[in-house]
Every structure is written in C-alpha cells, then in structure tokens.
Amino acid sequence: MRYTVQIAELKVVNLPDIILCLGLGSCLAVCLYDTVRKSAGVVHALLPSSNGMSSEPGKFVDRAINRLLEDMRNSGSRASDVVTKLVGGANIFHFVNSPTIGERNIESAKRLLTRLGIPIVAEDVGGNYGRSIEFFSTTGEVFVKSGLRMLKVL
Amino acid sequence: MSFKLNHDGLDRLKELFNIGAGNAANTLSGMIGERVMISVPEVHIFKLNECASIFGEIERQMVGIYHDVSGWLKGRMLLLLSVNSSDRLAQLLHFVCLKGGYKENERNNTLKEFSNILVGSYLNTLAEMGNNKSPVIHSVPLLAEDMIGSLLDGVLAKIMEKEDSIIILKTVLSGKSGIFEVFFLFLPDAASMQVLASGIQGS
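Sequences listed follow chains Y and E, in order. 196 is the number that my numbering gives to position 7 of the first sequence; each next residue is one higher, with no gaps. 716 is the number that my numbering gives to position 32 of the second sequence; each next residue is one higher, with no gaps.
FYI, nobody ran anything at the bench for these hints, they're computed from the structure. Do not take every clue at face value.
Sample of chain Y residues facing chain E (criterion: CB under 7 Å; computed from the structure) [to be verified]:
id	residue
1	E198
2	G212
3	S215
4	C216
5	S244
6	I281
7	F282
8	S321
Straight-line alpha carbon distances no greater than 30 Å define the calculated BS3-like cross-link-like pairs of lysine-lysine that follow [stated by the list, open to error]:
id	chain 1	residue 1	chain 2	residue 2
9	E	K854	E	K731
10	E	K787	Y	K334
11	E	K796	E	K842
12	E	K758	E	K796
13	E	K842	Y	K299
14	E	K698	E	K796
15	E	K758	E	K846
16	E	K854	E	K796
17	E	K846	E	K731
18	Y	K334	E	K731
19	Y	K299	Y	K341
20	E	K846	Y	K299
21	E	K731	E	K758
22	E	K731	Y	K299
23	E	K842	E	K854
24	Y	K341	E	K842
25	E	K787	Y	K341
26	E	K854	E	K758
27	E	K842	E	K731
28	Y	K299	Y	K227
29	E	K698	E	K842
30	Y	K227	Y	K334
31	E	K698	E	K854
32	Y	K334	E	K842
33	E	K758	E	K698
34	Y	K334	E	K796
35	Y	K227	Y	K341
Pulled a few chain E residues facing chain Y out of the computed Cβ check, cut under 10 Å [stated by the list, open to error]:
id	residue
36	S737
37	I742
38	L826
39	L835
The C-beta atom is built at its ideal place from N, Cα and C for all residues, glycine as well.
Modelling step: build the complete structure from the supplied sequences, incorporating the hints.
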C-alpha cells in the first residue's frame, strides 16, 4: 500500500508499505525508521512548537514527533532501534523574517530528537524549493523529488 | 476555531468579495484591453489537511504571488497561475516576446506589478465597503514558482499558529477563450473576518 500523509497528519506503516508526502514547502517531514522491525513513520508538520496548545497531533513538530514515537512504541518498536531523516523546511517565497518558519521547524525537530537520543542519519532541508518524498519501509530509503532537480536518495 | 459565521454572514462576505474581485477584473480588463470573466466566488472553511485539495493536484507546478494585507483588515492575498497562463498574461501585459530567449525575470517582474495593481484595486473596494475609512495596505509582492502544496504551506504557517481551520475566499479570473486563468485568493485573519461581518451588518 501507498499512503499519502497530508499537512498535520502522521502515519506509521509496516513492511512493505510506502508513505508519501507531497508538496513540502516550509513544512517538515520527519521520517522515523525502525531498523529492526522495518516499520516506518512520518509526520508532515506545519509549525515548530505547540507551546502547550492542543490541536491536531501532527500540526506541530514537537508534539508530532512525540506522538509518532509513542505510536511506534505501541506497535512494538524500541526507541534505540529508531533513526530519523528530515526533509523540507524551505522558504519558498523568500520571506524576510529570520529565522524563517522552515528554519524554526528544522531547529525544533533537531532539538527534540537530540534530547530523545534519536540519531538523524540524513537530511535534505532548507533552500527555496519544494520537495516531495517517498519513504520505503522495506529499505528505510527516502526518495526526494523537487521539480526538475535530480532525484535524491536519502 | 475562534470564528463563528452564520449562512447570512458567509453570503455577505461572498458578496463583498465578489464586488472586490469584480473591480479587480475590471482593472485587469483595462490593462489588457480585453474582456475578463470572473467565476462565482467561493468561500471555503478548511481543516489543515484539506487545504491542498482546493486545487486538486498538490504537485502541480504553478506561479504564486503573495501579499501581506494589514490595516483594519488583516490577511494574505495569493494569486496562483499555471506556468502557461503566466507566460501568456505577461505577454498580453507587456508585449514581451517570451519565445526563443526566454526572459523569466522580465515575466516575473511584469506579473508582480500586475498583482500589485489587481490586489490594490480589490482591497480598496473592500476597505470602502467595510464601512471603515481607515486604509488597508498590502505589502510588496513576493513571487515563486513551485508545487501548489509548497506554495501554500508557508502561507498557511503564517496564519494557522492559533487556528485549526482557515477561511479561503476564491475566485477565478479568466481571459477570452481561456487564454489565461488567475486564481484569486484572499485568506483573512479570523479576527478581521468578524470586523468585516459586523461592519456590513451595520451598513
């Protein structure tokens, strides 16, 4: 099966399913992969931190990662087997405020993942262009597509 | 969600948007010397995960032009055009020959100026109709060419920190025999929406 994860959604799949996130701009896709159980989880988050606000679980990077990790633990994963790949966090319209929403999303994810002790093994973040990803639970590979640019494999 | 709008309120807002967009269409018509059609305006209230679906394919390449709107009425304007529409409209506006030596910069500058004029015309109408004479200002245009999803999410991020759903007012301006199409979107801040609705009620 192929699942598409929309903004503010999150999803965990098992072998041999594939997860897609389409049209990432400033949004950040956090791809968690259990290298032992071969399960894959993705959040498609819009904003960096919830500041205690409750809303859709996938909207804020910090809450979304916690929730996704919880979902993966509930399905039998151990946190020590999980690695992360980050994609997105661009600044499409060249907004001038600094740091940009994209940068804040990346920063928020990195801070939390470091604290949780989950290694970030690859990333394709920042810049001024949109990205789409395909995340394969069979290998843990993330294919990153962006317009006319070369396909990248993380 | 901090706004509540009944059906009458929504209809009034749609009507306001219609008049404003009609004026913008008139302005455009004057610029290119041709008739410009305008679609029935739509008001959508979306949850976050539904937003991208407003244009069907999330990955479709489009040109987006963005303005911040501030003053007593706050929100964001977004104009979206297909790449073909962008080229044709720039040609109509500027008599630029885009064939052969493709001048993307020139096209983009033309479109930015076009957006500036159109959005100004639209907002002026809205400001006057809203029973409030204080000005509504729009920022300089920002332009990008990318997937629809990528163009939208940065804009959504600016609005949705405190909201879980969003109001999108949408209409389509199109040229004779579909030579170009401009998606004309206004994303008002929730608070401004209330001000606007009560302003109309009072008038």
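Each hint, compared with the structure:
1. E198: 5 Å, holds
2. G212: The hint holds - Y/G212 has a Cβ within 7 Å of chain E, the shortest such distance being about 2 Å.
3. S215: 4 Å, holds
4. C216: Hint holds; Y/C216 Cβ to chain E Cβ min 4 Å, cut 7 Å.
5. S244: At 5 Å from the nearest chain E Cβ, Y/S244 passes the 7 Å test, so the hint holds.
6. I281: Holds, because the Cβ-Cβ distance from Y/I281 to chain E comes to roughly 5 Å (cut-off 7 Å).
7. F282: Y/F282 check passes; min Cβ-Cβ to chain E is 4 Å, inside 7 Å.
8. S321: Status holds, d = 6 Å.
9. E/K854 x E/K731: 16 Å, holds
10. E/K787 x Y/K334: This hinted pair holds, its Cα atoms lying about 26 Å apart.
11. E/K796 x E/K842: OK: E/K796 and E/K842 at ~21 Å, within 30 Å.
12. E/K758 x E/K796: Between E/K758 and E/K796 the Cα gap is close to 20 Å, so the pair holds against 30 Å.
13. E/K842 x Y/K299: With a Cα-Cα distance of about 21 Å, the restraint between E/K842 and Y/K299 holds, given a limit of 30 Å.
14. E/K698 x E/K796: 26 Å, holds
15. E/K758 x E/K846: Within the cut-off at roughly 15 Å; holds.
16. E/K854 x E/K796: 19 Å, holds
17. E/K846 x E/K731: Satisfied, since the Cα-Cα distance of roughly 13 Å is no more than 30 Å.
18. Y/K334 x E/K731: Distance ~26 Å between Y/K334 and E/K731 Cα, so the pair holds.
19. Y/K299 x Y/K341: The hint holds at about 21 Å.
20. E/K846 x Y/K299: 23 Å, holds
21. E/K731 x E/K758: 20 Å, holds
22. E/K731 x Y/K299: 27 Å, holds
23. E/K842 x E/K854: Holds, because 18 Å separates the two Cα atoms, which is no more than 30 Å.
24. Y/K341 x E/K842: 29 Å, holds
25. E/K787 x Y/K341: 29 Å, holds
26. E/K854 x E/K758: 17 Å, holds
27. E/K842 x E/K731: Holds - the C-alpha atoms of E/K731 and E/K842 are around 15 Å apart, at most 30 Å.
28. Y/K299 x Y/K227: 23 Å, holds
29. E/K698 x E/K842: Holds, at about 23 Å.
30. Y/K227 x Y/K334: 23 Å, holds
31. E/K698 x E/K854: It holds: about 9 Å lies between the C-alpha atoms, which stays within 30 Å.
32. Y/K334 x E/K842: 25 Å, holds
33. E/K758 x E/K698: 17 Å, holds
34. Y/K334 x E/K796: Distance ~28 Å between Y/K334 and E/K796 Cα, so the pair holds.
35. Y/K227 x Y/K341: Roughly 21 Å between the alpha carbons, so the hint for Y/K227 and Y/K341 holds.
36. S737: Constraint on E/S737 satisfied, holds at 8 Å.
37. I742: 4 Å, holds
38. L826: 4 Å, holds
39. L835: 6 Å, holds
The structure fails none of the hints (numbered hints given earlier).
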